[in-house]
Amino acid sequence: MIKSAPLSDSILAPIIIRLDSTNTKHDGLIHLLHDCVKSNASIGFIAPLEENEAEQYWQNVEADLTAGHRLLLVALEGENIAGSVQLSLCKKKNGLHRADVEKLMVHTTYRQRGIGRKLMNELEHLARQHQRHLLVLDTRTNDPASTLYRKCGFIEAGQIPNFVIDSNGEFSGTTYFYKLI
Numbered sequence: 001m002i003k004s005a006p007l008s009d010s011i012l013a014p015i016i017i018r019l020d021s022t023n024t025k026h027d028g029l030i031h032l033l034h035d036c037v038k039s040n041a042s043i044g045f046i047a048p049l050e051e052n053e054a055e056q057y058w059q060n061v062e063a064d065l066t067a068g069h070r071l072l073l074v075a076l077e078g079e080n081i082a083g084s085v086q087l088s089l090c091k092k093k094n095g096l097h098r099a100d101v102e103k104l105m106v107h108t109t110y111r112q113r114g115i116g117r118k119l120m121n122e123l124e125h126l127a128r129q130h131q132r133h134l135l136v137l138d139t140r141t142n143d144p145a146s147t148l149y150r151k152c153g154f155i156e157a158g159q160i161p162n163f164v165i166d167s168n169g170e171f172s173g174t175t176y177f178y179k180l181i
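Its first residue numbered 1, the sequence shown is counted upward by one per residue in UniProt numbering.
Source of the hints: derived by calculation from the structure; they are not laboratory data.
Careful: at least some of the hints might be erroneous.
Here are the simulated lysine-lysine pairs, DSS-like style, with alpha carbons at most 30 Å apart [what the hints assert, rightly or not]: (1) K118 with K103; (2) K118 with K179; (3) K25 with K118; (4) K118 with K91; (5) K25 with K103; (6) K179 with K151; (7) K118 with K92.
Sequences are here, hints too, so could you generate the full structure?
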């Protein structure tokens with residue numbers, strides 16, 4: 001007899017899936033992006049995020065997915081998108097061994113449940129499948145995400161001061177990380 005996981009465990013465990021198109025989860029991805037920008041996540045946008053800016057962003061991701069330059073993972077809890085992360089595959093001939101980790105996002109409702117780490121673990125597995133052995137990323141200096149990246153084995157490569165402007169209009173530094181896999 002096969003036992004299934006207790007209902008409470010299965011509800012709390014997100015399912016990580018790879019999306020080949022943003023169209024299948026369009027509204028959820030827009031909602032996730034808005035939530036993360038509103039919470040001042042360091043993902044390249046400044047609050048308030050305009051609806052057309054969010055639409056354009058996901059259209060650009062869709063184009064990269066179609067071209068095979070980007071991979072998108074999504075964490076689902078039931079029908080809800082709890083988080084996502086992207087792997088941007090370097091297209092340069094001298095960089096076919098590396099990829100950029102981009103836009104790790106976890107909806108504020110689902111934070112502190114290990115979803116970010118699960119997404120990063122799956123992304124690393126996906127990178128290996130695509131013969132990528134060097135992962136690089138950047139985040140705002142002293143951002144809470146830095147702790148997660150370090151726990152995932154990423155090594156700080158350096159910092160650049162005054163690299164980004166946050167939603168308050170203040171400059172922040174950026175920290176670069178890498179991981180050899």
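Hint by hint, here is what the structure shows:
no. : hint           : verdict
1   : K118 with K103 : holds, 14 Å
2   : K118 with K179 : holds, 16 Å
3   : K25 with K118  : holds, 19 Å
4   : K118 with K91  : holds, 26 Å
5   : K25 with K103  : holds, 16 Å
6   : K179 with K151 : holds, 11 Å
7   : K118 with K92  : holds, 29 Å
Checked against the numbered hints given earlier, the structure satisfies every one of them.
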